[in-house]
Amino acid sequence: MTGLSQDRSITLSVDAMGGDQGPAVVAAGVSKFLSSDPAAQVLLHGQREILEPLFAGSDVAARVKIVHATGVVAMTDKPSNVMRSGKATSMWSAVDALRDRRADACVSCGNTGALMAVSMIRLRKAEGVNRPAIACLWPSRNPNGFNVMLDVGADIRADQDDLLAYAMMGASYARNGLGLKRPRVGLLNVGTEEHKGRAELKVASDMIASAADKGDFDYVGFVEGGDIPSARVDVIVTDGFTGNVALKTGEGTATLISGLLREAFLSSIASKVAALLTRGAWPVLKSRIDPRQVNGGVFLGLGGLVVKSHGSADATGVCAALSLAARLARSDFSERLAHRIAGVSALHQDTPKEIEA
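So in this note's numbering, the last one in the sequence shown is 357, and the numbering has no gaps at all.
Among these hints, one or two may not hold up.
Mimicking SDA-like on lysine to any residue, the simulated pairs with C-alpha atoms at most 20 angstroms apart in a straight line are [claimed, not checked]: (1) K196 with D206; (2) K125 with H339; (3) K196 with A209; (4) K181 with A209; (5) K202 with K181; (6) K32 with G22; (7) K196 with D227; (8) K202 with T249; (9) K87 with R124; (10) K196 with G179; (11) K125 with R336; (12) K87 with S58; (13) K78 with I156; (14) K65 with R84; (15) K78 with K65; (16) K248 with V190; (17) K125 with A338; (18) K87 with G71; (19) K78 with E251; (20) K214 with S58; (21) K248 with K32; (22) K248 with A209; (23) K65 with R124; (24) K125 with G71; (25) K248 with V220; (26) K248 with S230; (27) K32 with G71; (28) K65 with A315; (29) K125 with R141; (30) K248 with K214; (31) K248 with R122; (32) K202 with T242.
Have a look at the derived ranges for each label pair, beta carbon to beta carbon [said to hold, decoys possible]: (33) A56 with A275: 40 to 48 angstroms; (34) K125 with A209: 48 to 56 angstroms; (35) G259 with R102: 39 to 47 angstroms; (36) K272 with S210: 51 to 59 angstroms; (37) K125 with F241: 17 to 25 angstroms; (38) G179 with N81: 52 to 60 angstroms; (39) V190 with K65: 31 to 39 angstroms; (40) R8 with H339: 41 to 49 angstroms.
Just so you know, these hints were derived from the structure itself, not from any lab.
Positions of the beta carbon are idealized from the N, C-alpha and C atoms, including for glycine.
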């Protein structure tokens, strides 16, 4: 991924109490991140009596400000319940710090639905966005090593207008996060032929193609599941249901392959010798397929930069999410994105809304 100067001071607002692993793992990830980014500071939201001892004597303690919040959003909590009674939670406090401009980005390992709901009500949607999206980085054969896919779970629905907005937002993410001057955008479908797919996908395809020049991206047309990790495309656009299934399938497959390779290399004396002979390649392979290294789904289409870390992330995963948030914040990503999508409605105001069966 493209590197940006770490000379610019940055403040991240972090929900310390969310996620499956507990605040100790989040704190370890914060420490790891701050050790690698000397110009960064963190507002850490959660229960002070739990968090303070985790940084006692730490070299980075001076750059961590604990913001006391008594409540915790559980992974099982319904977003509607959090909206009604979650104002005292660490998640709400973390998002509010971004809203009040005390931080440049917000990061949480917590409940995805609740985080999106809180973010939408506190940060509001950006102009021209009907449904925000979650974008993830996907290991690929492209020179930078990654592709962008969205939506991967913000909303299971997406009509042609939403898919157009996703294309604009995804291209902006690829431009600022991956350093691609003119990203290639593809629309995920069951085939690459023009006649395949649902009616709204065909309409969306025409709309995206028409918006390519104004959005500074190249539209490659329909892409299939096999293209997601390929070098054919940089941004894959789809609805949240399809994207989330693909994401979880990819993560599970990476874990399966890693486990099967380990078992194969330990299955006999000959295979153990082969493992020793190829041991130099293992770190490279692991870094390419390790989900922790690309941890962090970016909420696109909101009035602020929010990064959702995987709920089961370890310290390495949390550090990766924080590093991603810092990189995007330093690129003024939110402002650039808002500028790009502000004219989305104008791009298709003359497009017929009716979709023929």
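Going down the list of hints, with the structure as the test:
1. K196 with D206: holds (14 angstroms)
2. K125 with H339: holds (13 angstroms)
3. K196 with A209: Answer holds: K196 to A209 is near 17 angstroms, not above 20 angstroms.
4. K181 with A209: Holds, at about 18 angstroms.
5. K202 with K181: violated (27 angstroms)
6. K32 with G22: Holds: K32 and G22 sit about 16 angstroms apart, inside 20 angstroms.
7. K196 with D227: Distance ~16 angstroms between K196 and D227 Cα, so the pair holds.
8. K202 with T249: violated (26 angstroms)
9. K87 with R124: holds (16 angstroms)
10. K196 with G179: violated (32 angstroms)
11. K125 with R336: Given that 20 angstroms is the threshold and the Cα spacing comes to 15 angstroms, the pair holds.
12. K87 with S58: violated (30 angstroms)
13. K78 with I156: Judged against 20 angstroms, a Cα distance of about 17 angstroms means the pair holds.
14. K65 with R84: Status violated; Cα separation ~27 angstroms.
15. K78 with K65: violated (29 angstroms)
16. K248 with V190: Roughly 19 angstroms separates the two Cα atoms, so the pair holds.
17. K125 with A338: holds (10 angstroms)
18. K87 with G71: It holds: about 8 angstroms lies between the C-alpha atoms, which stays within 20 angstroms.
19. K78 with E251: Judged against 20 angstroms, a Cα distance of about 25 angstroms means the pair is violated.
20. K214 with S58: Violated, at about 49 angstroms.
21. K248 with K32: With a Cα-Cα distance of about 26 angstroms, the restraint between K248 and K32 is violated, given a limit of 20 angstroms.
22. K248 with A209: violated (29 angstroms)
23. K65 with R124: violated (26 angstroms)
24. K125 with G71: Since the Cα atoms of K125 and G71 sit roughly 25 angstroms apart, the hinted pair is violated (cutoff 20 angstroms).
25. K248 with V220: violated (25 angstroms)
26. K248 with S230: holds (18 angstroms)
27. K32 with G71: Judged against 20 angstroms, a Cα distance of about 26 angstroms means the pair is violated.
28. K65 with A315: holds (19 angstroms)
29. K125 with R141: At roughly 33 angstroms apart (the allowed maximum being 20 angstroms), R141 and K125 break the hint.
30. K248 with K214: Violated, because 33 angstroms separates the two Cα atoms, which is more than 20 angstroms.
31. K248 with R122: violated (28 angstroms)
32. K202 with T242: Holds, at roughly 17 angstroms.
33. A56 with A275: 40 to 48 angstroms: holds (42 angstroms)
34. K125 with A209: 48 to 56 angstroms: violated (25 angstroms)
35. G259 with R102: 39 to 47 angstroms: The hint (39 to 47 angstroms, Cβ to Cβ) holds, given that G259 and R102 are roughly 43 angstroms apart.
36. K272 with S210: 51 to 59 angstroms: holds (58 angstroms)
37. K125 with F241: 17 to 25 angstroms: Distance hint for K125, F241 holds at roughly 20 angstroms.
38. G179 with N81: 52 to 60 angstroms: violated (41 angstroms)
39. V190 with K65: 31 to 39 angstroms: Between V190 and K65, where Cβ atoms are some 50 angstroms apart, the hint is violated.
40. R8 with H339: 41 to 49 angstroms: At 20 angstroms between Cβs, range violated.
Going through the hint list in order, the structure does not satisfy hints 5, 8, 10, 12, 14, 15, 19, 20, 21, 22, 23, 24, 25, 27, 29, 30, 31, 34, 38, 39, 40.
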